[in-house]
Amino acid sequence: EAQVTQNPRYLITVTGKKLTVTCSQNMNHEYMSWYRQDPGLGLRQIYYSMNVEVTDKGDVPEGYKVSRKEKRNFPLILESPSPNQTSLYFCASSLFGTANQPQHFGDGTRLSIL
Amino acid sequence: GDSVTQMEGPVTLSEEAFLTINCTYTATGYPSLFWYVQYPGEGLQLLLKATKADDKGSNKGFEATYRKETTSFHLEKGSVQVSDSAVYFCALSDRGGGATNKLIFGTGTLLAVQP
Chain A
234 EAQVTQNPRY
244 LITVTGKKLT
254 VTCSQNMNHE
264 YMSWYRQDPG
274 LGLRQIYYSM
284 NVEVTDKGDV
294 PEGYKVSRKE
304 KRNFPLILES
314 PSPNQTSLYF
324 CASSLFGTAN
334 QPQHFGDGTR
344 LSIL
Chain B
11 GDSVTQMEGP
21 VTLSEEAFLT
31 INCTYTATGY
41 PSLFWYVQYP
51 GEGLQLLLKA
61 TKADDKGSNK
71 GFEATYRKET
81 TSFHLEKGSV
91 QVSDSAVYFC
101 ALSDRGGGAT
111 NKLIFGTGTL
121 LAVQP
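Just so you know, the protein sequences line up as chains A and B, in that order. For the first sequence, the numbering used here begins at 234 and goes up steadily by one. For the second sequence, the numbering used here begins at 11 and goes up steadily by one.
Derived by calculation from the structure, the hints in this document are not laboratory data. Be aware that a few hints might be false.
Listed next, the in silico DSS-like pairs over lysine-lysine satisfying Cα-Cα at most 30 Å (straight line) [as the list claims (entries may be wrong)]:
| no. | chain 1 | residue 1 | chain 2 | residue 2 |
| --- | --- | --- | --- | --- |
| 1 | B | Lys87 | A | Lys304 |
| 2 | A | Lys298 | A | Lys251 |
| 3 | A | Lys251 | B | Lys87 |
| 4 | B | Lys112 | B | Lys87 |
Here are a few chain A residues that face chain B, going by a calculated C-beta distance under 8 Å [to be verified]:
| no. | residue |
| --- | --- |
| 5 | Gln278 |
| 6 | Tyr281 |
| 7 | Val285 |
Label-pair restraints from in silico Cβ distances [stated by the list, open to error]:
| no. | chain 1 | residue 1 | chain 2 | residue 2 | range |
| --- | --- | --- | --- | --- | --- |
| 8 | B | Thr30 | A | Gly273 | 30 to 38 Å |
| 9 | B | Glu18 | A | Gln236 | 28 to 36 Å |
| 10 | B | Thr15 | A | Lys304 | 32 to 40 Å |
| 11 | B | Gln91 | A | Ile310 | 38 to 46 Å |
| 12 | B | Glu18 | A | Arg343 | 22 to 30 Å |
| 13 | B | Lys62 | A | Asn261 | 35 to 43 Å |
| 14 | A | Gly273 | B | Glu52 | 18 to 26 Å |
| 15 | B | Asp65 | A | Ile245 | 29 to 37 Å |
| 16 | B | Thr61 | A | Gly273 | 24 to 32 Å |
Treat the numbers as computed from the prediction; the structure is a model and nothing was measured. From the three backbone atoms N, C-alpha and C, an ideal C-beta is built for every residue, glycine too.
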């Protein structure tokens, strides 16, 4: 089954404790991206990757890191999480880019930073 | 910069009522336009899309027409069902200047359909 898998689905942690949210897709997609969803703000793009070893900032990259060492994986790293990063996070992938491509979304990761 | 504006919700309708969710956009180039739907506890799913002016996207009884003159992409359905209850997001991807790598989302509109 074609899917985007995020882990964990839920995480409660404390300020400053490094965490990684994993994202994996099995569709051989070149493009992957991360979004955060906050009430009243919709989805905002954090980072995206056009292909292996190619990443770029989205609209809200501060406090986040990403890497793309393999085509299927695109982890989101919070080196020193802060309470303002409490949010619902989504990973998405597509064959290439966003112009005419449907994005395939994971089911989301709800992070709470205390 | 590019932006998407959606009507605020929640929108509450009775089953079989007509649905309109307004969406307008601002873009510097020639955007593709999308509607995504998010059911409770799930990720977003593409509902429909349109890639150029006057295109009509349609799926599952939903329709939206790309109106360049009014910079709009309103979502409509003639007869909603309880199972349509979800959050609907309008989004654009601007192809101008090679900027094809970002999706800009609206804030989302919660639709609640009552039996």
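Hints, one by one, checked against the model:
1. B:Lys87 with A:Lys304: violated, 38 Å
2. A:Lys298 with A:Lys251: holds, 11 Å
3. A:Lys251 with B:Lys87: Given pair Lys251 of chain A, Lys87 of chain B is violated - Cα atoms ~45 Å apart, limit 30 Å.
4. B:Lys112 with B:Lys87: This hinted pair holds, its Cα atoms lying about 28 Å apart.
5. Gln278: holds, 6 Å
6. Tyr281: holds, 6 Å
7. Val285: violated, 15 Å
8. B:Thr30 with A:Gly273: 30 to 38 Å: The hinted range 30 to 38 Å is violated for Thr30 of chain B and Gly273 of chain A, with Cβ atoms some 21 Å apart.
9. B:Glu18 with A:Gln236: 28 to 36 Å: With Cβ atoms ~32 Å apart, the hint holds.
10. B:Thr15 with A:Lys304: 32 to 40 Å: holds, 36 Å
11. B:Gln91 with A:Ile310: 38 to 46 Å: holds, 42 Å
12. B:Glu18 with A:Arg343: 22 to 30 Å: holds, 23 Å
13. B:Lys62 with A:Asn261: 35 to 43 Å: Distance hint for Lys62 of chain B, Asn261 of chain A is violated at roughly 28 Å.
14. A:Gly273 with B:Glu52: 18 to 26 Å: Roughly 20 Å apart at Cβ, these two residues keep to the hinted range, so it holds.
15. B:Asp65 with A:Ile245: 29 to 37 Å: Violated, at about 44 Å.
16. B:Thr61 with A:Gly273: 24 to 32 Å: holds, 29 Å
Hint check: violations occur at hints 1, 3, 7, 8, 13, 15; the rest are consistent with the structure.
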